[in-house]
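Visitor: Chain residues, written in single-letter form:
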Amino acid sequence: MIAKEDIPFLPRGVRLHFDKVRDQWVLLAPERAVTLDQVGQAILSELDGIRSFGTITEDLASRYNAPAEEIAKDTGGFLGALLDRRFLELRQ
Amino acid sequence: MNARPPIAMLAELTHRCPLSCPYCSNPIELARIDSELDTETWKRVFREAAEIGVLQLHLSGGEPASRRDLTELVAAAREAGLYTNLITSGIGLTERRLRELDEAGLDHIQLSLQGTDAAMADEIGGYRGGFDRKMQVAGWIKDIGFPLTLNAVMHRRNLHQLPRSIELAVEMGARRIEVATVQFHGWALKNRDTLMPTMEQARETDAIVTEARKRLKGVLVIDYVPADYHSDYPKRCMGGWATTGLNVTPDGEVLPCHAAQTIPHLQFDNVRDNHLRDIWYDGSAFNAYRGTDWMQEPCQSCDRKLKDFGGCRCQAMAIVGDAAATDPVCIKSPHHGALQVQADAHAHSDRKDLVHRTAPGKPIPEPAE
Chain Z
1 MIAKEDIPFL
11 PRGVRLHFDK
21 VRDQWVLLAP
31 ERAVTLDQVG
41 QAILSELDGI
51 RSFGTITEDL
61 ASRYNAPAEE
71 IAKDTGGFLG
81 ALLDRRFLEL
91 RQ
Chain R
1 MNARPPIAML
11 AELTHRCPLS
21 CPYCSNPIEL
31 ARIDSELDTE
41 TWKRVFREAA
51 EIGVLQLHLS
61 GGEPASRRDL
71 TELVAAAREA
81 GLYTNLITSG
91 IGLTERRLRE
101 LDEAGLDHIQ
111 LSLQGTDAAM
121 ADEIGGYRGG
131 FDRKMQVAGW
141 IKDIGFPLTL
151 NAVMHRRNLH
161 QLPRSIELAV
171 EMGARRIEVA
181 TVQFHGWALK
191 NRDTLMPTME
201 QARETDAIVT
211 EARKRLKGVL
221 VIDYVPADYH
231 SDYPKRCMGG
241 WATTGLNVTP
251 DGEVLPCHAA
261 QTIPHLQFDN
271 VRDNHLRDIW
281 YDGSAFNAYR
291 GTDWMQEPCQ
301 SCDRKLKDFG
311 GCRCQAMAIV
321 GDAAATDPVC
331 IKSPHHGALQ
341 VQADAHAHSD
351 RKDLVHRTAP
361 GKPIPEPAE
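Going down the list, the sequences are from chains Z and R. Counting from 1, one number per residue, gives the positions in the first sequence under this note's numbering. Counting from 1, one number per residue, gives the positions in the second sequence under this note's numbering.
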């Protein structure tokens with residue numbers, strides 16, 4: 001589980017990349033390339049290593065005019081899966 | 001034929017290597033130094049790869065650190081927009097060279113592990129002092145902060161060291177470990193009697209991996225290549241022939257997989273003569289087993305045919321003598337029973353000696369009678 005105050009960030013060796021050949025965003029990681037949909041790309045481009053998970057989900061909720069709780073749940077699920085695959089790290 | 005763009009390219013920069021592992025994935029006939037592609041040609045190949053959709057570049061060998069232009073090649077690959085992964089034994093890397101690679105933008109390192117102590121690792125690698133050096137290199141990798149995958153190659157002689165290999169990966173700060181049971185192609189075919197795991201070892205390895213994955217969730221990702229001959233279904237080799245990746249040899253031949261040269265009727269194009277795009281889409285070797293039209297029975301009517309694409313073409317060639325046959329690992333193959341008997345015989349052989357791979361241009365050793 002990612003707590004509200006955790007600051008999620010992409011560690012070294014994991015980066016967003018726009019794939020011009022396939023016209024889509026991908027997450028490049030050690031020996032993996034993960035295709036991102038619009039939602040995934042929107043979430044990951046919010047990670048600045050400064051704002052907390054709570055702040056990011058509140059910002060996303062107001063921008064997309066969606067319930068904050070729902071956004072937090074979906075974002076948490078998406079980032080949690082990246083955390084398990086070691087594509088994401090947290091700091092307090 | 002409708003082919004999608006490739007995602008990954010394995011660049012075998014050289015066949016030279018200080019180690020001489022008896023399961024080396026390089027071909028039996030090694031490319032000599034004077035036939036290797038030069039720096040500028042590799043740079044062009046990297047740009048062509050990025051142009052046709054390659055995202056991941058694996059810099060391999062042999063030992064890629066044996067190339068003096070390695071740092072320059074990494075910088076060129078990053079400039080082309082590729083994610084760069086260095087597949088290395090660590091031998092030939094100094095702290096200074098690693099810092100240069102860091103500056104050049106190297107994204108990730110995959111470090112091979114032949115054993116968890118010097119006695120095992122140096123015997124398997126055929127290089128005294130190799131293990132100690134590797135541990136030193138692992139320390140520098142950690143200090144610099146490169147993301148690290150430990151690639152533990154496992155077989156009958158060292159499978160008892162698997163738990164320690166996993167611990168070692170955690171200690172090194174690796175994010176991933178590949179538990180790669182030896183695949184029997186090329187040099188490994190000469191060592192089946194010594195390296196083939198027993199069925200019991202294969203099942204115990206399954207259990208160790210399952211337990212470690214649970215325990216180390218979020219700490220260490222474990223990729224697992226199970227013992228091939230002891231499985232019921234074949235591997236989806238290369239993600240399907242000519243669907244995902246391509247391999248460039250030190251002298252510029254472009255292969256659908258690293259062992260494809262063992263299929264004698266295939267003809268390979270060379271990056272010196274053709275753009276990678278033409279080779280990937282129109283090359284005869286790539287189209288030979290692309291899709292499913294080439295399949296025989298039992299593959300052709302099998303509901304798994306898009307799952308595993310009939311398994312490994314090179315294994316079908318090596319064991320059955322027909323590259324279009326069903327991979328004999330498959331329980332539906334008429335050769336499956338014979339393969340299991342053969343695997344069992346290899347696994348219970350008393351042999352402990354190793355046929356180490358040789359150096360490019362040197363005579364090819366054979367197992368003693």
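Worth flagging that the hints you see were computed from the coordinates, not collected in a lab. Among the hints, a few may not be true.
Quick list of the computed label-pair ranges, beta carbon to beta carbon [unchecked claim]:
1. R:R164 with Z:D37: 33 to 43 Å
2. Z:Q24 with R:A345: 42 to 52 Å
3. R:E200 with Z:S62: 58 to 68 Å
Subject to a maximum C-alpha distance of 27 Å in a straight line, what follows is the list of computed BS3-like cross-link-like pairs (lysine-lysine) [what the hints assert, rightly or not]:
4. R:K235 with Z:K4
5. Z:K73 with R:K217
6. R:K217 with R:K235
Glycine is no exception: its CB is placed at the ideal position from the N, C-alpha and C atoms.
Visitor: Against the structure shown, which of the earlier numbered hints fail to hold, in ascending order?
Guide: Hint 4 alone not satisfied by this model.
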